Amino acid sequence: MILHDWVLSPNCYKVRLMAALSGQDLTLRAVNLYPEREHLSDEYLALNPAGTLPILEDGDLVLGESAAILAWLGEGWLGQGKAEAARVQAWLSFAERLNATAGRARNIDMLGVPGSLSEAQKGGRACLRELELALSDRRMEGGTFLVGDGPTIADIACFPHVMLAPDGGLTLAPYPSIRLWTRAVRALPGFVEMPGIHRLHELSPEPEMETELR
Amino acid sequence: MTDPSRWHPAALSQDLVPATVIPARCGPHEIALWRSETGALRAWQDRCPHRGMRLSHGFVRGEMLSCIYHGWRYDGEAVCRKIPAHPALEPPSSITVPRFRVAEAGGVIWIASDPGNSAPPEMAEGLRPLRSVPVDRSAAGLRDALGHDVPARLEDGLCVLVQEIDETRSVLHALTSGNVEPKIASRRLESLRRRFEKEPAA
Amino acid sequence: MKDQWYPVAMLSELGRDPVETILMDAPVRVWRDADGTACAATPEGRKLPVTEAYHHLWTSPGAPDRPLFDIPEARQPDRRFVPCGRVRVACSPLRAVENFLDIAHFPFVHTDILGAEPHTEVARYKAEVREDDDEVWATKVEFYQPQAAKSASGGVTTQYMYRVPAPTSSVLYKTSPPRPGEWDVIAIFVQPVTETRCDVWPWMALFDETTPQADLVAFQQMIFVQDRSILENQVPALLPLDPGLETPTRADMTSIAYRRWLKSHGYTYGAQLVAA
Chain A
1 MILHDWVLSP NCYKVRLMAA LSGQDLTLRA VNLYPEREHL SDEYLALNPA
51 GTLPILEDGD LVLGESAAIL AWLGEGWLGQ GKAEAARVQA WLSFAERLNA
101 TAGRARNIDM LGVPGSLSEA QKGGRACLRE LELALSDRRM EGGTFLVGDG
151 PTIADIACFP HVMLAPDGGL TLAPYPSIRL WTRAVRALPG FVEMPGIHRL
201 HELSPEPEME TELR
Chain B
215 MTDPSRWHPA ALSQDLVPAT VIPARCGPHE IALWRSETGA LRAWQDRCPH
265 RGMRLSHGFV RGEMLSCIYH GWRYDGEAVC RKIPAHPALE PPSSITVPRF
315 RVAEAGGVIW IASDPGNSAP PEMAEGLRPL RSVPVDRSAA GLRDALGHDV
365 PARLEDGLCV LVQEIDETRS VLHALTSGNV EPKIASRRLE SLRRRFEKEP
415 AA
Chain C
417 MKDQWYPVAM LSELGRDPVE TILMDAPVRV WRDADGTACA ATPEGRKLPV
467 TEAYHHLWTS PGAPDRPLFD IPEARQPDRR FVPCGRVRVA CSPLRAVENF
517 LDIAHFPFVH TDILGAEPHT EVARYKAEVR EDDDEVWATK VEFYQPQAAK
567 SASGGVTTQY MYRVPAPTSS VLYKTSPPRP GEWDVIAIFV QPVTETRCDV
617 WPWMALFDET TPQADLVAFQ QMIFVQDRSI LENQVPALLP LDPGLETPTR
667 ADMTSIAYRR WLKSHGYTYG AQLVAA
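Protein chains in written order, with this note's numbering: chain A, 1 to 214; chain B, 215 to 416; chain C, 417 to 692.
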């Protein structure tokens, strides 16, 4: 499988994260989205007329939407039964709202994309409050992830935009349930980071302790 | 205006799990609030003395807190014990982080900036922590609307502690009494917030 | 600092329509004339001096008394040149440069790429202000790196040299994995937008004949954006030039020399002079 990828894109990162967590190999093709806008070249528009990244090629299958790619890669991560699968779909739509608000704020604030930063931040904050309520509910039920007992593609779709919200000037400090959920995602076996999302250094041993164990 | 000896509600205990650091506030002060692996609670100035990096971005291993920037490691007394760039060096004991008083009672974490020995406000028995929510309204405005009891008791078994963030923002730490169902109480808290944010600040 | 040269655009993005940017709190318009001349001017129409160099347009709000600093390696024909675009950071332009001069953070911020525990030690190196050139230099810098460059495979002890030829620009030289004995060149050119905001323009001149350009750009964008959340969370936002507020160690000798040099020249835009 080939992933046409940009290292700073949260939507590309969703695919890298899903593949890493599920133990699937990706061949990464870096696309010079910025500054060269290579994703709008004739070659890339022929592959994906929408002019977006990520693009996944798996044999004859070409997918250009991150939610669709997550569905393709995420066997076993789609929710158990009809109700959970439907809830996962709701969160995939929510992830699009995050992308259009918090994600947009990040593009404006970090990369100088034109647009109203305050409008984007306002929308992003409303999304974060909605997510905090839902995750607080989940904790009251004894759950950790967005849907069901374990992680699903719903978590993978929402996690990058949420973690990167501070890149767009949105603070995560007031959302304790979001904080615990992002820690749970970062603690999943096989987790990989992206620029702006640090790993949990607490999961690695302190070097001097390592020496003592030897 | 702020009484420096006052205890500020900073977080609900359930939101700070062991081996975690979070950003918090004590009045105007920014705090790195952390819990060690065995559960010891500390509240320090949110600033590494090396390069000024916020310690709330750091990480907890065992009983010590490390700064994310260069890994400088501080023990429970806020004394620097390790500088990874110089592993063989015993750091000078003068490298310390200013500490704040911290106390935990009834499922609430309180922080105070004064060096005294007062205890945090006593609250009635039997309150269950619910959740903390940010509100775009001044703490004074919220207290005027909710009353000055600690915690303020509202209808339907909802109780709230008001924490000041700045002139326009606060946090409500909510608890419940009686048999109210938590998810229902959580929604009442949301409608309360909507009402406060709609009303013009007096 | 008004009389220094600053980057304000990538030459490849310069067009006939003026684009507005901000330099030291003041708006600046940049464009390319019909006859191909790059231009910079204030909104009121006052023309500003310009220099085209290292794939960027440079200008100054004042009157520079000498040309832009030279990077001799930019004239070596067999190097690959990699402009990486702009990253905006809510930090002092001086803090952005100081972080670029720092190696001790590699294991914690660029984990498993530029550094990794337990290889955290910074060996003694040499830092100095070269009076003849009026530049800050650090030499004989060494650090263990799991993946030093896109072209590197496996861990290696990498040699570094650092150079600060202007208050908001820095050039580093590091072991070139495909060509031992030669130095790869990586620079950051920092555009001071305000005292607490800057646009950072990374640029590289490498020996690497095989790695696609997009991978080289992505590698540098990855490294720089890993630093961004650090830079936006240092307190105070302004760089303290007087001792007392922060605690340097031997690993920070480059930063100590940089701060002294800034202070001796009165380069204080983005700095804090009195310890709070």
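Simulated from the structure, these hints should not be mistaken for laboratory data.
If you're wondering where the values come from, they're calculated on a predicted model, not measured in any experiment.
It is possible that part of the hints are untrue.
Said to hold, decoys possible - Quick list of in silico lysine to aspartate or glutamate cross-link-like pairs, EDC-like style, CA-CA up to 20 Å: (1) B:K397 x A:D149; (2) C:K463 x C:D441; (3) C:K566 x A:D149; (4) C:K566 x A:E36; (5) B:K397 x A:E141; (6) C:K542 x C:D528; (7) B:K412 x A:E130; (8) C:K418 x C:D451; (9) B:K412 x A:E36; (10) C:K566 x C:E537; (11) A:K122 x B:E404; (12) A:K122 x B:E411; (13) C:K566 x C:D550; (14) A:K82 x B:D350; (15) C:K463 x C:D433; (16) B:K412 x B:E381; (17) C:K566 x C:E544; (18) B:K397 x A:E36; (19) C:K566 x C:D494; (20) C:K418 x C:D494; (21) B:K397 x A:D137; (22) C:K418 x C:D433; (23) C:K679 x C:D419; (24) C:K679 x C:D550; (25) B:K397 x B:E369; (26) A:K122 x B:E369; (27) A:K122 x B:E336.
Against the structure, the hints come out as follows:
Simply put, K397 (chain B) and D149 (chain A) have alpha-carbon atoms about 19 Å apart, close enough for the 20 Å limit, and the pair holds. For the proposed pair K463 (chain C) and D441 (chain C), the alpha carbon gap of about 17 Å is at most 20 Å, so the pair holds. Only pairs whose Cα atoms come within 20 Å are accepted, and K566 (chain C) paired with D149 (chain A) is rejected, the gap being roughly 39 Å. A C-alpha spacing of about 19 Å is found between K566 (chain C) and E36 (chain A), which places the hinted pair at or below 20 Å, so the restraint holds.
Between K397 (chain B) and E141 (chain A), the direct Cα distance comes to roughly 9 Å. Compliance with the 20 Å bound is thereby established for this hinted pair. With a C-alpha separation of about 26 Å, the suggested pair K542 (chain C) and D528 (chain C) falls outside the 20 Å cut-off, and the hint is violated. Restraint check for K412 (chain B) and E130 (chain A): satisfied, since their Cα atoms lie roughly 18 Å apart, inside the 20 Å limit. Taking the CA atoms of K418 (chain C) and D451 (chain C), the gap is near 29 Å; set against the 20 Å cutoff, the hint is violated.
Only pairs whose Cα atoms come within 20 Å are accepted, and K412 (chain B) paired with E36 (chain A) is rejected, the gap being roughly 45 Å. For a cut-off of 20 Å, the pair hint linking K566 (chain C) to E537 (chain C) is broken: about 23 Å separates their Cα positions. With a CA separation close to 17 Å, the supplied pair K122 (chain A) and E404 (chain B) stays within the 20 Å bound. Restraint check for K122 (chain A) and E411 (chain B): the C-alpha separation of about 14 Å stays at or below 20 Å, so the hint holds.
Simply put, K566 (chain C) and D550 (chain C) have alpha-carbon atoms about 33 Å apart, too far for the 20 Å limit, and the pair is violated. With a C-alpha separation of about 39 Å, the suggested pairing of K82 (chain A) with D350 (chain B) is violated against the 20 Å cut-off. In summary, the hint linking K463 (chain C) to D433 (chain C) is supported, as the alpha carbons are separated by about 16 Å, within the 20 Å threshold. Under the criterion of a C-alpha separation no larger than 20 Å, the hint pairing K412 (chain B) with E381 (chain B) is consistent with the structure, at around 17 Å.
Simply put, K566 (chain C) and E544 (chain C) have alpha-carbon atoms about 30 Å apart, too far for the 20 Å limit, and the pair is violated. Of the supplied pair hints, the one linking K397 (chain B) and E36 (chain A) is violated, its CA atoms being roughly 49 Å apart against a limit of 20 Å. For the hint linking K566 (chain C) to D494 (chain C), the alpha-carbon distance of about 18 Å falls within 20 Å, and the restraint holds. A threshold of 20 Å between alpha carbons decides the hint, and for K418 (chain C) with D494 (chain C) the separation of about 35 Å lies outside it, so the pair is violated.
Using a Cα cut-off of 20 Å, the hinted pair K397 (chain B) and D137 (chain A) holds, with the two alpha carbons roughly 6 Å apart. For the hint pairing K418 (chain C) with D433 (chain C), the CA-to-CA distance comes to about 26 Å; that exceeds 20 Å, so the pair is violated. Taking the CA atoms of K679 (chain C) and D419 (chain C), the gap is about 16 Å. The hint holds against a cut of 20 Å. Of the pairs offered as hints, the one joining K679 (chain C) and D550 (chain C) holds, with about 13 Å between alpha carbons and a cut-off of 20 Å not exceeded.
Simply put, K397 (chain B) and E369 (chain B) have alpha-carbon atoms about 16 Å apart, close enough for the 20 Å limit, and the pair holds. Pair hint K122 (chain A) plus E369 (chain B) does not hold up; C-alpha atoms about 31 Å apart against a cutoff of 20 Å. Straight-line distance between C-alpha atoms of K122 (chain A) and E336 (chain B) comes to about 38 Å, which puts the hinted pair past the 20 Å bound.
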